[in-house]
Amino acid sequence: MHDVMFITGTRKGIGRFLVDHYLERGYRVHGCSRGEMEDPPDGYTHHVADVTDGAAMHRALTGTARSEGSLDILVNNAGIASMNHALLTPASTVREVFSTNVFGLVQTSIDAAKIMTQHKWGRIVNFATVATPLRLEGESAYAASKAAVVSYTEILARELATFGITVNAVGPTPVATDLIRGVPAEKLSALLSRQAIPRLGEPADVANVIDFFIADASAFVTGQTVYLGGVV
Amino acid sequence: MRDRVQVLVREAVNDLNDELEYDGLRDPTEETVIFDGSAGVDSLSLVSLIVSLEAACEAEFGVEVSLADERAMSRHRSPFRTVGSLIELILERLEANA
Ligand SMILES: NC(=O)c1ccc[n+]([C@@H]2O[C@H](COP(=O)([O-])OP(=O)(O)OC[C@H]3O[C@@H](n4cnc5c(N)ncnc54)[C@H](OP(=O)(O)O)[C@@H]3O)[C@@H](O)[C@H]2O)c1
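Chains as they are written, first to last, in the numbering used here: chain A, 1 to 232; chain B, 233 to 330.
Please keep in mind that the hints were generated in silico from the structure rather than gathered at the bench.
Take these hints with a grain of salt, some might be off.
Straight line, CA to CA, 20 angstroms or less: simulated SDA-like cross-link-like pairs of lysine to any residue [claimed, not checked]:
hint, chain 1, residue 1, chain 2, residue 2
1, A, K12, A, T177
2, A, K120, B, D247
3, A, K120, B, E251
4, A, K120, B, A271
5, A, K120, B, V239
6, A, K120, B, R303
7, A, K120, B, S275
The task is simple: from the sequences and hints, build the whole structure.
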C-alpha cells in the first residue's frame with residue numbers, strides 16, 4: 001500500500017483542503033508550511049518548515065519516512081504569487097517567488113526522490129498555473145517561475161522513470177484563496193473568460209487531478225501538466 | 233573514521249553488485265573503477281549507489297551528507313571514479329559538516 005504522503009504548504013488554501021481530502025481517503029498525511037497550523041485534523045502531522053530551508057525540509061521528509069516507514073507521494077503545493085507590472089516588480093520579489101516556487105520545489109523533490117528510489121516507487125505532483133499558457137500580463141515573475149516548474153517536471157520525469165517514480169503537474173485556474181485575494185474583480189472575470197469553462201476552480205477540481213496522478217494505475221503517466229478549465 | 237567509511241562504501245558497492253548481478257565491482261579495492269564513462273557502472277547505477285551511500289552515511293554518522301558534485305560526470309576529475317576517490321569525497325563532506 002503506497003499511502004504515505006507529504007504535502008507542502010498545508011496551513012491554508014488548497015494545501016489545507018488536500019490534507020482533509022487525503023486523510024478521508026485513508027492516506028497517512030504529513031505536511032509543512034512556515035507557520036503552525038490552527039486545529040490540525042486528527043491523524044495529520046504538521047512540520048513547521050520553509051521549503052526554501054533545505055535542512056529543515058530534509059528533517060521533515062526523513063522524519064516522515066522514519067516514522068511512517070516510507071515516503072510514497074510528494075505534493076509540491078507551497079507557492080507564492082506576485083501580481084504587478086514587470087517594471088514595477090522589485091528584483092527582491094522576483095527572487096522570493098523563484099526561491100519558493102522553483103528552488104524550494106527542486107530541493108524538496110530531490111530530497112523526497114532520494115527516499116523514494118530506495119523503495120523503487122514514488123509519485124511527485126507539482127503545481128503549475130494557467131497564468132503560464134495564458135501569458136497573463138501582470139504575472140510575469142509568477143508565470144515564469146511556474147514555467148520553470150513545468151520544464152523541471154518534464155525532465156525530472158525522464159530521469160526518475162527508471163526508479164518507478166512519476167512526476168507530473170496540475171495547473172489550476174484561479175481558485176478563491178488568499179493567493180488571488182488582491183486581484184481586481186474585472187481582471188479576474190477577464191481571465192476566466194479566456195478559459196473554455198469560464199468559472200473559478202474549486203480545490204476539489206485540483207484534488208481530482210492529483211487523485212489521478214498518484215493512483216497505482218497511473219504508473220505509465222509521467223511528465224504531464226494538466227491544466228484545468230480547458231486552458232491549453 | 234576512514235575505516236568506517238571504507239566499510240560503508242564496500243557494503244554499498246557489494247549491494248550494487250548483487251542488485252545488478254554485476255561482478256565487475258566484486259570485492260573492491262581502493263583502485264577499483266566505479267565510474268569513468270566507459271568502464272564501471274552506468275550513470276543510473278551510479279545514482280543509486282550515491283543515494284544509498286548518502287542514506288548509509290546519515291544513519292552511521294547522524295549528519296546529512298550530500299555527495300552531489302559538479303564534477304560527477306567528468307571523465308578525469310570525477311570524485312566517483314574509483315572506490316578510493318569516493319571514500320575521500322565522503323571524508324571531505326563529513327569533515328565539512330562536523
Ligand atoms: N489559488 C489560485 O488561484 C491558484 C491558481 C493556480 C495555481 N495555484 C497554485 O496552488 C498552490 C497553492 O496555492 P493557494 O492558492 O492555496 O495559496 P495560499 O492560500 O496563499 O496558500 C499557500 C500555502 O503555502 C504555504 N507556503 C507559502 N510559502 C511557503 C514556504 N516558503 N514554505 C512552506 N510553505 C509555504 C502557506 O503557509 P505558510 O504561510 O504557513 O507558509 C500556505 O499554506 C500554489 O503553488 C499556487 O501557485 C493557485
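To see whether the hints hold, each was checked on the structure:
1. With a C-alpha separation of about 8 angstroms, the suggested pairing of A/K12 with A/T177 holds against the 20 angstroms cut-off.
2. Between the alpha carbons of A/K120 and B/D247 the distance comes to roughly 15 angstroms, so the proposed pair stays at or under 20 angstroms and holds.
3. Taking the CA atoms of A/K120 and B/E251, the gap is about 13 angstroms. The hint holds against a cut of 20 angstroms.
4. With a C-alpha separation of about 26 angstroms, the suggested pairing of A/K120 with B/A271 is violated against the 20 angstroms cut-off.
5. For the hint pairing A/K120 with B/V239, the CA-to-CA distance comes to about 25 angstroms; that exceeds 20 angstroms, so the pair is violated.
6. The suggested pairing of A/K120 with B/R303 is violated, with an alpha-carbon distance near 26 angstroms, which exceeds 20 angstroms.
7. Note on A/K120 and B/S275: the hinted pairing holds, with a Cα-Cα distance of about 17 angstroms set against a maximum of 20 angstroms.
In this structure, the earlier hints numbered 4, 5, 6 are contradicted, and the remaining ones agree with it.
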